[in-house]
Amino acid sequence: MSTENVPVEDQKSDGLASINPPFEGPEKLLEIWFEPPRTGADSPGSLGLRSVPREKWEEMLDVVRCKVLSVIRGAELDAYLLRQVRPMSFRIY
Amino acid sequence: MNFHLPSESSLFIYPYKIILKTCGTTLNLLGLPQILEIAQAECSLREIHKCFYSRKSFMFPERQSGPHRDWKEEVRYLDDLFPGGAAYTVGKMNGDHWLLWLVDNTKRVGSAPVSPLSLTSAPVPSAEIPPENPLDYTLEMLMSNLSPNSQKNFFSHPVEATDVDAATPKTNGATPVTAQARALELSDMLGISSIFPLSLTLLDAYTFDPCGYSANAIISRGYPSQGEGYWTIHVTPEEGWSYASFECNVPAPTSQEELPHLPSSFPDLHQLIQRVVDIFQPGNLSITLFVSNDPPTTSSPIETAQSIFRKALQSKGYKRTDKITYEFSGYDLAFASFTL
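Protein chains in written order, with our numbering: chain A, 1 to 93; chain B, 1001 to 1340.
The set of hints was computed from the structure by calculation and includes no laboratory data. Think of the CB as a built atom: it goes at the ideal place given N, C-alpha and C, for glycine as much as any other residue. Do not take every clue at face value.
[Claimed, not checked] List of simulated lysine-lysine pairs, BS3-like, C-alpha gap at most 27 Å:
(1) 67/A / 56/A
(2) 1152/B / 56/A
(3) 1323/B / 1152/B
(4) 67/A / 1311/B
(5) 1311/B / 1092/B
(6) 1152/B / 1017/B
[Unchecked claim] Listed next, the stretches of chain B that the computed footprint assigns to chain A, with coverage defined by at least 3 CB atoms under 8 Å from CB atoms of chain A:
(7) 1034–1042
(8) 1048–1062
(9) 1088–1094
(10) 1241–1250
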């Protein structure tokens, strides 16, 4: 996969005048809390969403237009660093 | 041609909680239906307990696409997924403001069936122990107009004599080793690594070419009642739209006396704010502190926090231009803006 590379078309579409087009630093922040299972299945060491294979999250991140750069794992959470990717040949309106 | 393709974003996954923070023109909210689908398919998690979506006002709203073109569209998108949410604009409508949408179903009595997932209704009472909810705490510092001195720290030195062209593949993953090593070195140099005690910090950082910086840190428990937490930093250093954000869900004590057994380098709120501001030296910043207040206490930590924000920043030469306090059901919010 080479989606991390900027397609040539995209560079052109941004115009030569904007070698560095303005970049939106301010983030969108989404936080979702799921109700833990109530049926006793929630043992203290339950991994819950942390057990989901990374590929599943990557599929979700494709839609968001992000790619995983790296991940660190703690005792209670996993932290992924991401980067934005530009759409190759589609735009969602 | 140096084509800037930065974009610094983060994803945090807890057993029953997900935080997705993305900048640029990412389509953050379009990930939400898929997160719900994954949770249901992979973990049989069908009920949403709470959901929050927030952002600062965009600098370049016209560059956004999908539901992010307009706050009203974002709210409509969320309302369609989760009925019963509430949307707020905090701060100046015609200046810097902060937008928040939230649904907290632990507070709801009665049911609100939605498709494809159902929202939790009233909490299930536990016969044995009165539920004591752990503190939910999120501090954000949204900083713009970084000082030129701070900006230059986040530009990479030219890598080689040849131009770095983002369109030229550098083979998959060939650069991350150096980008990460460089980022860790920079984090140490700027004091980012030691915002919280080094002994409690697991750090992951990345620098982008030609500029930009991202870091995630996992902070292990400083005291028994505190869970493991994170902080995350993202920096866009370019003049004209320079911006840095710091977000942290590790509760910072309001004074050092409060938790005397913490390592001495563990920051209280006053020190934490000063450490972050010293690194980025922003011309303007907004601070939000979102803290659970459940069950409600008479002494909300929010007013104390507001006063700490002001004191911490006043001594650095900042003037407060906005101070807003919100009390939601189950949560308190402090919002304040400062300018040099």
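Hints, one by one, checked against the model:
The straight-line distance between the Cα atoms of residue 67/A and residue 56/A is roughly 12 Å, inside the 27 Å bound, and the hint therefore holds. A C-alpha spacing of about 37 Å is found between residue 1152/B and residue 56/A, which places the hinted pair above 27 Å, so the restraint is violated. This hinted pair does not check out: residue 1323/B and residue 1152/B have alpha carbons roughly 31 Å apart, beyond 27 Å. Of the supplied pair hints, the one linking residue 67/A and residue 1311/B is violated, its CA atoms being roughly 40 Å apart against a limit of 27 Å.
Only pairs whose Cα atoms come within 27 Å are accepted, and residue 1311/B paired with residue 1092/B is accepted, the gap being roughly 22 Å. This hinted pair does not check out: residue 1152/B and residue 1017/B have alpha carbons roughly 36 Å apart, beyond 27 Å. For the stretch 1034–1042 of chain B, the stated coverage by chain A is satisfied: 6 residues place a CB nearer than 8 Å to a CB of that chain, which reaches the threshold of 3. Only when three residues or more bring their CB closer than 8 Å to a CB of chain A does the claim for the stretch 1048–1062 of chain B stand; here the count is 13, and the claim holds.
Here the stretch 1088–1094 of chain B counts 0 residues with a CB under 8 Å from a CB of chain A, which misses the bar of 3, and the coverage is violated. Check result for the stretch 1241–1250 of chain B against chain A: holds, 6 residues qualifying (beta carbon to beta carbon below 8 Å, three or more required).
In summary, the structure is inconsistent with hints 2, 3, 4, 6 and 9 from the numbered list given earlier, while agreeing with the others.
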